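**Student:** Sequence:
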Amino acid sequence: GPLHEGAPSHAPYDVIFIQGGIELVTDKISSQLKDGGRMVAIFMEGALGRVKIGYKLNNEISWRFGFNAAAPVLDCFRKELTFTL
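Using my numbering, read the sequence shown as starting at 1 and increasing by one per residue.
FYI, nobody ran anything at the bench for these hints, they're computed from the structure.
Note that this is a predicted model, so its numbers are computed, not measured.
By construction, the Cβ of each residue, glycine as well, lies at the ideal position given by its N, Cα and C atoms.
Treat the hints with care, as some may be off.
[Unchecked claim] Only pairs whose alpha carbons sit at most 27 Å apart, straight line, appear in this in silico DSSO-like list of lysine-lysine: (1) K79 with K56; (2) K52 with K34; (3) K34 with K56; (4) K28 with K56; (5) K52 with K28; (6) K28 with K79; (7) K79 with K52; (8) K34 with K79.
[Claimed, not checked] Label pairs and their calculated CB-CB ranges: (9) L48 with E80: 16 to 24 Å; (10) F67 with S9: 30 to 38 Å; (11) T84 with D35: 32 to 40 Å.
Build the full structure now, drawing on both the sequences and the hints.
**Tutor:** Written as structure tokens, this is what we have:
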């Protein structure tokens, strides 16, 4: 199936490691992480990326900075561009 949907038939997961740059984590992916689980991802902001480790407790993921890194952003994890005034 599509990458941004994960693999719900095998969930919940102890660890989710996203191999590529992302701008956002979809609800479909975060819902597949079990409570007490961890997620690792490279959050890209322009050319600068930050590896963050997320810990899921009480159905909320809290993110901690790990280190700087860079990776191409996976298309399905891009933020939609919107125009605002």
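**Student:** Give a verdict on every hint.
**Tutor:** Here is what the structure says about each hint:
1. K79 with K56: holds, 22 Å
2. K52 with K34: holds, 18 Å
3. K34 with K56: holds, 7 Å
4. K28 with K56: holds, 14 Å
5. K52 with K28: holds, 19 Å
6. K28 with K79: holds, 15 Å
7. K79 with K52: holds, 17 Å
8. K34 with K79: holds, 24 Å
9. L48 with E80: 16 to 24 Å: holds, 21 Å
10. F67 with S9: 30 to 38 Å: holds, 33 Å
11. T84 with D35: 32 to 40 Å: holds, 35 Å
Of the numbered hints given earlier, the model fails none.
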